[in-house]
Amino acid sequence: MLGAVRDAGPKVRISVIDYTPEVLEEKFVENVEECFAYMDRESITWINVDGVSDSEIMRKLGQHFGMHPLVVEDIMSTDQRPKVEDYGNHLYIVVRMLRWNDKESALIDEQVSLLLGKGFVVSFQEEVEGDVFEPVRQRIRSAKGPIRKSGSDYLAYAILDAVVDAYFSVLEQVGDGIEDIEDRLTGDPSPAALRKLHAMKRELIFLRKAAWPLREVVGNLTRGASSLITPEAATYLRDVHDHTIQVADTVETYRDMLAGALDLHLSVVSNRMNEVIKFLTIIGTVFLPMTFVAGVFGMNFVNAVPEWDNPLGFGIVLALMLTVSIGLLAYFHRRKWI
Amino acid sequence: MLGAVRDAGPKVRISVIDYTPEVLEEKFVENVEECFAYMDRESITWINVDGVSDSEIMRKLGQHFGMHPLVVEDIMSTDQRPKVEDYGNHLYIVVRMLRWNDKESALIDEQVSLLLGKGFVVSFQEEVEGDVFEPVRQRIRSAKGPIRKSGSDYLAYAILDAVVDAYFSVLEQVGDGIEDIEDRLTGDPSPAALRKLHAMKRELIFLRKAAWPLREVVGNLTRGASSLITPEAATYLRDVHDHTIQVADTVETYRDMLAGALDLHLSVVSNRMNEVIKFLTIIGTVFLPMTFVAGVFGMNFVNAVPEWDNPLGFGIVLALMLTVSIGLLAYFHRRKWI
Amino acid sequence: MLGAVRDAGPKVRISVIDYTPEVLEEKFVENVEECFAYMDRESITWINVDGVSDSEIMRKLGQHFGMHPLVVEDIMSTDQRPKVEDYGNHLYIVVRMLRWNDKESALIDEQVSLLLGKGFVVSFQEEVEGDVFEPVRQRIRSAKGPIRKSGSDYLAYAILDAVVDAYFSVLEQVGDGIEDIEDRLTGDPSPAALRKLHAMKRELIFLRKAAWPLREVVGNLTRGASSLITPEAATYLRDVHDHTIQVADTVETYRDMLAGALDLHLSVVSNRMNEVIKFLTIIGTVFLPMTFVAGVFGMNFVNAVPEWDNPLGFGIVLALMLTVSIGLLAYFHRRKWI
Amino acid sequence: MLGAVRDAGPKVRISVIDYTPEVLEEKFVENVEECFAYMDRESITWINVDGVSDSEIMRKLGQHFGMHPLVVEDIMSTDQRPKVEDYGNHLYIVVRMLRWNDKESALIDEQVSLLLGKGFVVSFQEEVEGDVFEPVRQRIRSAKGPIRKSGSDYLAYAILDAVVDAYFSVLEQVGDGIEDIEDRLTGDPSPAALRKLHAMKRELIFLRKAAWPLREVVGNLTRGASSLITPEAATYLRDVHDHTIQVADTVETYRDMLAGALDLHLSVVSNRMNEVIKFLTIIGTVFLPMTFVAGVFGMNFVNAVPEWDNPLGFGIVLALMLTVSIGLLAYFHRRKWI
Amino acid sequence: MLGAVRDAGPKVRISVIDYTPEVLEEKFVENVEECFAYMDRESITWINVDGVSDSEIMRKLGQHFGMHPLVVEDIMSTDQRPKVEDYGNHLYIVVRMLRWNDKESALIDEQVSLLLGKGFVVSFQEEVEGDVFEPVRQRIRSAKGPIRKSGSDYLAYAILDAVVDAYFSVLEQVGDGIEDIEDRLTGDPSPAALRKLHAMKRELIFLRKAAWPLREVVGNLTRGASSLITPEAATYLRDVHDHTIQVADTVETYRDMLAGALDLHLSVVSNRMNEVIKFLTIIGTVFLPMTFVAGVFGMNFVNAVPEWDNPLGFGIVLALMLTVSIGLLAYFHRRKWI
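Chains as they are written, first to last, in our numbering: chain A, 118 to 455; chain S, 118 to 455; chain C, 118 to 455; chain E, 118 to 455; chain X, 118 to 455.
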């Protein structure tokens, strides 16, 4: 059995943090049944499950917590929309955890499911590696703030708060990117800037898809419909709610700014093309007529070309050319083209 | 009579699946009256009617189930908007069944009408061939999950769930297509990519037109207004409701992404045109003046062209040309055009 | 008096259809007072007034039916928005009747006002010629369906249903037009296709302006606020309501499709321009440098042009030209322009 | 005092219309206190104040009518948004009066504040010159319609109706303008048409900004919250409400049509540019290669140019040129460019 | 301690204005505890804290006023969205104070938090330097208007009013900028005008982000939910509410106008490019064929070129050229290109 779990190691990792105001216990468990023991104590238990693909473990957890089959299904299919469902003795909350991976300059989108019950929170993460909950763990370990003295609803708040805080980091990335792009656009409108603009647009689409329903979810939690959320925790959740509104607002603002940047880009490109074409036209206008005149006097008509042997002929022709050119340039200028 | 039905064979095909937790009966019926017998039993009966154009059969069914004349009309006119209507002893539900036909790379849009009553579901499909209900039939046959132990409301849920699941397949097609297009756009923005983008836009329009009202329909069913829907089935329908919201959300996301891809495409095309025109301008700027100089010295003025017989004349003129060209290229460079 | 009415003949035409389940009377009246006699009978009376510009007739009708002065004014000013107003003993309904005139390929927009009272419907049409009510008259004449056995509310339903059905014909026209345009766009994006696209956009604007408020109007009628609408008729009106929603939906879909077609058109035009400019650039790039080289060797420098008398000179120069051209074309190819 | 008022003459002008069903008195007052006498009578008094910049007069009026200091402030700051405020014994209504100045082809936007009390209406106009209330005055003078027999609420209705009627005149101007522009666009897409389109867009923006909140304002008045509005007047106000909805609708329709016209314009311009560039390309493609060939045979190589002295040489070269040109044109044609 | 505060001097500056209808005291305090003494008196106390980064001072203030830890956190994190929170004995209000810095032509965005309690207002400003509250202070000092005779709710109103008034100044800047840009666009569409347009767009985005939620905030305050707001102050707040609606409206109007200006700009650029290309095409069309003809007669075929020695040859050729040019220009004209 132990060996089997070890094999499943890379797929699922379960950790438990169990605390009272005075005592803290933190450990990884090899076997899912191990963590059930913590549930009966008078302490707050946070079970974190990294990886949701092992249906056997999910089945056991589902059975132990009395989860509806559809909830287990939802946890395992990792493209859920943020939502909250009240099953009486526990709340089921789904959110999207977005992180910015600096190394790969990529957005990581991961589903996090929370099961909030009396005295416990179970969190399910789509991926085994990485999350944004380290600040929460630190606050539990250091007993800073009200977290150790509060119930499981405060723990759920802290987790949701960490999720939303991570959205702000992503927004910061996008904000920096927009400034960078706008700077580039006043210089050289390269295709690379365009592609970056496009990439940021996609990140905003993801952020928006995560933030808008989350706003509703947290809004529902603050309305005190469930007895699992105390008024004290609801006050804190209202703060998270404000943050989700702020995220949604900023996403809209950034979308507007990106749209503005794209408009500016297209205008700059268009202006530049205009200038290049204008220049080509000037060159053509000046030299095509003059070349024609030169061609005329290069024709091989014996004794027929006028001024053939006039020593001043060459000068006269050049003067003629100059006149034509200056005339055309003057016309250009009058049309306000140069 | 039998011959008449056989003639109508390609137009209408009626199948019956009748089950209790213990027994399952499944067969095609030639004559519409055959299936009425199943209705009186204590079993769940699923009558599936493929093809709705035979008004005689529709009239008989309408009479037997006490359907309102407008309902029969709605079933037969196959461009209905998804809706649900409560007629007391039965619910009338219309949805759009969208499938992806891999062979023809085309979206198939078919109207499905459901009549949900106590102990029976009648489903009407617009086309005789093909549907997305095979998984439902498999679950009934294998008695897997709660389907055999549940009522006709669960069967209706299973059918609606299958319809919405098929939407996700179509969305997957579109999602793959968007990635494909975005890849192509960074390479060569061909008209073919444009046409594909346009085709996907249309598919999203269809999907949206099917999914948005379906969301309302399923939402209404979950609200427990009808006594035909038990709270247990309502819980399952809420899951379908979540899925329809997800479909609608993803459609919006994909629309945004397609709009972004089109913007990117237009910008890439515009940039490319810019580069080509710039190149033409450089070529013109370099060679038109030089050709003019060559023309000047090709004019047939006897004894008049300066440096006519200077052995270095040719070299001097070439140097002159070079100077002009370099000067113009330098001007270009200073304007940041090359 | 009769003469006066005859003069007004081309301006106003009044017809009466009076029916019970057994008896049907149908005739044109010369004098507006003639039709008042039908009102007192136990029959359903449909008075249809074609043309609303004769204020004398309108005044008499207004007086007879106890219409509010503002209602008379609304009937006569033919740019009303669809609406319904409850005046206790009668309902005043305004709708827009849209028809497709095949001969002139034009949309005809006409205001229809209905006065629905106990046992009578008065319909006012803006224009004397043409309407979409022929199917209603046929159903009355042939006594097909419930129309002869039902009250004036069913008659009003039948009229509204005919109005909405005509919207579908217009939508069909537009739908055909969109397919036609999309086909043309893949071939030759001519200005004519553009103008057609523009014309269909306008038709959709009219359709939308007619359909959206109509949706509300019919929705209000179904809610059973007025005692003039029986529950049976309300069920039928709900069907019309569904149809108005469908019209509104389809209008939005077609708008999306037209917007997509315009985007496609602009992209196709842009791509084509790109190709033409590319071709011009290639021609210029190949021949401008070669012409310059030819010009150089055409200069009249005695004994100064190198290879002047080398018999191979001509060949060498041609080889030089070829090299330059091939080099530039290779550069082009490397930049992925050809 | 009189002199002072005379000096303020161009700034403020006060007129009074006082009427009962039988008697009508109409005059200009020099001194604001003069008009207070009319208030105590059993008649309807309409005090019209042209010009709101004299704070002394405004203070006196405010005091006499018991207006809140903020109301006086609102009347004098003339960029208010349409609104209605209920101060118990009087209603304060702000609307925007839009007129079309034919002479200057310009839209005139003026603020009108109404104070509606028992037996009186005070109207404040931003500008001294011009208004749209002449039809109301005429109806009072001629005692046509119910105005002389009705209360001050009917008078307020008549004034609001006149304001909204003026919106329709402006809409007519814009409607005519759109038709004019669309006609021009099929001919010559000049910058003047563009500027006109832009100007009409701005007028619609103003109209919209005036009409949307007015719709709410009149909607509020019809709801019968204030005892100052009798049900009879409310019926009339509902008519104004319909008109404001119609204005708002038409504004949206015109915006759509202008957007469509702009799209059409851009497409026409783009098509035209396409054609011009195509023509340039054809010219270049035909003559650049031929000029090159001519240049080759113009080179001064003694005894080296082939066919130098062949009497048919000239003809052969011309045939060569023709072949090249026709080949290139054929290629063009195959690409569907000509 | 005093030294420590002096060090923090540039970071935090606290001023107190304490007034009754008769007495006014105004001073800067070095030590945060100093201002607590004013709270116990029967006067209105306005404590203004410039700079919110000193957590020690914030902690003391939070403790003294019984603020929720989240409120202190919100005050210190200066990117809050406008909101109002009711904590029973005090209201917590966050708004954005936008100012226009003429010197740097830049928008300054600063967070202002208000704590409104019985007899006091505490205002927290993000930055130490500058605010828009000078008019409020002047009114307190001069005892003009009702401010000295009213409670702390009126003071809060005056502060909010000052904030919203500053929005109008920014709007005025943008309005002037739009007129300037539209003027420039009819002349020369330079990139500088584009960049200014873009800058104004961003300012509107900020303004909108500040104004929309502020509208809700002030709307909430006027609804009289809190006993801290008297009906008299609510009347004044309704005025501020109107102003916020007006700001939001004007922002939308300006966005429309900027979008229109951008459309106009793009059209003007496009038209201009069109004209330049047309001119280039005309030049090319006239001179390329003529140069070709000249080239033909410049070829070195001995005795082969026709009209070689015809004294009229030169004239004939020139006539030929003229004919070709005029023909092409006529074709141009017929196509309505010139």
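One thing to keep in mind: the hints can contain errors.
Note that the list lumps identical chains together, so a pair holds whenever it fits in one copy or between two copies.
[Said to hold, decoys possible] Calculated pairs, SDA-like style, for lysine to any residue (alpha carbon to alpha carbon, straight line, at most 25 Å): (1) K395 x L445; (2) K177 x T352; (3) K261 x G236; (4) K453 x R301; (5) K144 x E392; (6) K395 x N206; (7) K261 x R176; (8) K144 x S307; (9) K261 x G183; (10) K200 x I174; (11) K235 x I322; (12) K144 x D380.
Think of the hints as simulated: they come from the structure by calculation, not from any bench.
Since the structure is predicted, the reported quantities are computational estimates derived from the model, not experimental observations.
To see whether the hints hold, each was checked on the structure:
Proximity of K395 to L445 under the C-alpha cut-off of 25 Å is found in both arrangements, the shortest distances being 13 Å within a copy and 14 Å between copies. For the identical chains of this complex, K177 and T352 are inter-copy neighbours only, at 22 Å across copies versus 34 Å inside a copy, given an alpha-carbon limit of 25 Å. Within a single copy, K261 and G236 get their C-alpha atoms as close as 19 Å, which meets the 25 Å cut-off; across copies the closest is 35 Å, which misses it. For the homomeric pair K453 and R301, the shortest alpha-carbon distance between copies (14 Å) is at most 25 Å, but the shortest distance inside one copy (29 Å) is not.
Taking the shortest alpha-carbon separations for K144 and E392, neither the intra-copy value of 68 Å nor the inter-copy value of 61 Å comes in at or below 25 Å. For the homomeric pair K395 and N206, neither the shortest alpha-carbon distance inside one copy (74 Å) nor that between copies (70 Å) is at most 25 Å. Taking CA atoms no more than 25 Å apart as the test, K261 paired with R176 passes between copies only; the shortest distance there is 16 Å, against 36 Å inside one copy. Neither within a single protomer nor between protomers do K144 and S307 lie at most 25 Å apart by alpha-carbon distance, with minima of 52 Å and 57 Å respectively.
In this assembly of identical chains, K261 and G183 lie within 25 Å of each other by CA distance solely across copies; the values are 20 Å between and 33 Å within a copy. For the homomeric pair K200 and I174, the shortest alpha-carbon distance inside one copy (23 Å) is at most 25 Å, but the shortest distance between copies (40 Å) is not. Taking the shortest alpha-carbon separations for K235 and I322, neither the intra-copy value of 36 Å nor the inter-copy value of 44 Å comes in at or below 25 Å. Taking CA atoms no more than 25 Å apart as the test, K144 paired with D380 passes in neither setting, with 54 Å inside one copy and 51 Å between copies.
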